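Participant: Chain by chain, the residues:
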Amino acid sequence: MADIAFLLLIFFLAATTMDSDTGLLRQLPEIPDPNVPQDVNQINDRNILEVKVNKDNLLLVEGELTEFSQLRDITSRFIINADNLPNMPEKEIVNLPYFGDVPVSKAVISLQNDIGTKYGVYIAVQNELIAARAKLRDDLAKQEFGIAYERLDEDRKGAVDDFYKVPISEAEPKRIGEK
Amino acid sequence: MARFVKTGKKSVKAISTSSLPDIVFMILFFFMAVTTMRETDIMVTVRIPDATEGKILEKKSLASFIYIGEPLEALQTLYGTEPKIQLNDTFKEIADIQDFIAQEREQLNEADKTKMLVVLKIDRDTRMGVVTDVKQALRRASALKIMYANTNVDQITLHY
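For the record, the sequence lines run as chains A and B. Numbered by our numbering, the letters in the first sequence go through residues 1 to 179 in order. Numbered by our numbering, the letters in the second sequence go through residues 1 to 160 in order.
Hints listed in this document are in silico derivations from the structure and should not be mistaken for laboratory results. All figures in this text were calculated on a predicted structure; none of them were measured in a lab. Certain hints may be false.
Which bits of chain A does chain B cover? Going by a derived footprint, with three or more residues having C-beta under 8 Å, they are [to be verified]: (1) 12-25; (2) 109-115; (3) 129-140.
Within a straight-line C-alpha distance of at most 16 Å, the following computed EDC-like cross-link-like pairs (lysine to aspartate or glutamate) qualify [stated by the list, open to error]: (4) B:Lys55 with A:Asp73; (5) A:Lys55 with B:Asp125; (6) B:Lys59 with A:Asp161; (7) B:Lys55 with A:Asp21; (8) B:Lys59 with A:Asp21; (9) A:Lys165 with A:Glu92; (10) B:Lys145 with B:Asp41; (11) A:Lys157 with A:Glu170; (12) B:Lys121 with B:Asp41; (13) A:Lys135 with A:Asp73; (14) B:Lys121 with A:Asp21; (15) A:Lys135 with A:Asp161; (16) B:Lys135 with A:Glu92; (17) A:Lys106 with A:Glu92; (18) B:Lys60 with A:Glu150; (19) B:Lys121 with A:Glu92; (20) B:Lys145 with A:Glu30; (21) B:Lys55 with A:Asp19; (22) B:Lys145 with A:Glu170; (23) B:Lys135 with A:Glu30; (24) B:Lys60 with A:Asp19; (25) A:Lys135 with B:Asp41; (26) A:Lys135 with B:Asp154.
Note that the Cβ used here is the ideal one computed from N, Cα and C, for glycine as well.
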């Protein structure tokens, strides 16, 4: 009996894996339908945070060379725009469940890369952007409901998501830096 | 005078092995429960990038995997060292992705088709050119939910 069980055990040890996969979840934009006229309402320039990783894996935020370690800070400051500066995103009063009428930042983050950018760096940058947004949501959840974002129910999560929507768009890359 | 007196036989009783099958079965069931079958042999070197915000892939049955990286050393004589795309068990081209997605989608239940997730396992030294081409192909195949596989770490160190 034990022999057979051992045999099966060894089979399962060899043929299976235990690792669980982790990753950054993203939603790709749909391919625009050429027959449908495009939305002419361009996003106001002040609402867009332009983040770019060039072919030498250098980080440019709004066209300026930036240290990787600063990106998270810059992003959250941009989204909040505490002093309502004119070159930072505008706010719109929106009625949200649980929050009532609140000013919501209209920030959008545009992430661009060159063809020669290394994937690892690109993911690291994207991770920082997602982390900055996640931090803001978490802080808001703690401040408003007293518990971490992860432990909120779906409705409350949705409300917090709407407060800091901040879409991160992955623009199509420029065709430079090809090997 | 001291004498060594042998007091009877001091034999150690053999441990009963009658419960051994139970124990082994217990371990066996543990492994059956927590592991999943290896489905593909990976033919490319994939060192997954680090990140801090990775979410755990909950439903593996809904996921299809795309691997991109340099072919393994043993295969480099045949396929060279340029990053290749591996779908299932073979190297494929960008143009094949659409078919691959259609095939994978066919295998899911009607209810799950919209929840399909494509997991991109890409080597961290790959150039974004290939990745972007794959992303565009996925958009064309309308497989829009994707996941960039990464290993979760506390602190990111960049590998330039």
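Participant: If a hint holds in the structure, say so; if it doesn't, say that too.
Facilitator: Hints versus structure:
With a threshold of 8 Å between beta carbons, the proposed coverage of the segment 12-25 of chain A by chain B holds, since 12 of its residues qualify and at least three are required. Interface restraint, the segment 109-115 of chain A with chain B: holds (3 residues with C-beta to C-beta distance below 8 Å; minimum three). Counting residues of the segment 129-140 of chain A whose beta carbon lies closer than 8 Å to any beta carbon of chain B gives 3, which reaches the threshold of three, so the coverage claim holds. As the CA atoms of B:Lys55 and A:Asp73 are separated by approximately 22 Å, the hinted pair breaks the 16 Å bound.
Our distance criterion of 16 Å between C-alpha atoms is met by A:Lys55 and B:Asp125, whose separation comes to about 12 Å. Taking the CA atoms of B:Lys59 and A:Asp161, the gap is about 23 Å. The hint is violated against a cut of 16 Å. For the given pair, B:Lys55 sits about 8 Å from A:Asp21 by alpha-carbon distance, which is consistent with the 16 Å threshold. Taken as a hint, the B:Lys59 and A:Asp21 pair is honoured in the structure, with Cα atoms around 10 Å apart against an allowance of 16 Å.
For the given pair, A:Lys165 sits about 12 Å from A:Glu92 by alpha-carbon distance, which is consistent with the 16 Å threshold. Of the pairs offered as hints, the one joining B:Lys145 and B:Asp41 is violated, with about 24 Å between alpha carbons and a cut-off of 16 Å exceeded. Pair hint A:Lys157 plus A:Glu170 does not hold up; C-alpha atoms about 24 Å apart against a cutoff of 16 Å. As the CA atoms of B:Lys121 and B:Asp41 are separated by approximately 13 Å, the hinted pair is consistent with the 16 Å bound.
With a C-alpha separation of about 11 Å, the suggested pairing of A:Lys135 with A:Asp73 holds against the 16 Å cut-off. Restraint check for B:Lys121 and A:Asp21: the C-alpha separation of about 10 Å stays at or below 16 Å, so the hint holds. Simply put, A:Lys135 and A:Asp161 have alpha-carbon atoms about 12 Å apart, close enough for the 16 Å limit, and the pair holds. With a C-alpha separation of about 33 Å, the suggested pair B:Lys135 and A:Glu92 falls outside the 16 Å cut-off, and the hint is violated.
At most 16 Å may separate the alpha-carbon atoms for a hinted pair to count; A:Lys106 and A:Glu92 meet this at roughly 7 Å. A distance of roughly 21 Å separates the Cα atoms of B:Lys60 and A:Glu150; the hinted pair therefore is violated under the 16 Å criterion. Only pairs whose Cα atoms come within 16 Å are accepted, and B:Lys121 paired with A:Glu92 is rejected, the gap being roughly 39 Å. For the suggested pair B:Lys145 and A:Glu30, the alpha carbons sit about 11 Å apart, so the restraint of at most 16 Å is met.
Restraint check for B:Lys55 and A:Asp19: the C-alpha separation of about 14 Å stays at or below 16 Å, so the hint holds. Between the alpha carbons of B:Lys145 and A:Glu170 the distance comes to roughly 14 Å, so the proposed pair stays at or under 16 Å and holds. Proximity of B:Lys135 to A:Glu30 is assessed by CA-CA distance (about 11 Å); at most 16 Å being required, the pair is judged to hold. Distance restraint check for B:Lys60 and A:Asp19: the Cα-Cα separation of roughly 11 Å lies within the 16 Å cut-off, and the hinted pair is therefore satisfied.
A C-alpha spacing of about 38 Å is found between A:Lys135 and B:Asp41, which places the hinted pair above 16 Å, so the restraint is violated. Between the alpha carbons of A:Lys135 and B:Asp154 the distance comes to roughly 15 Å, so the proposed pair stays at or under 16 Å and holds.
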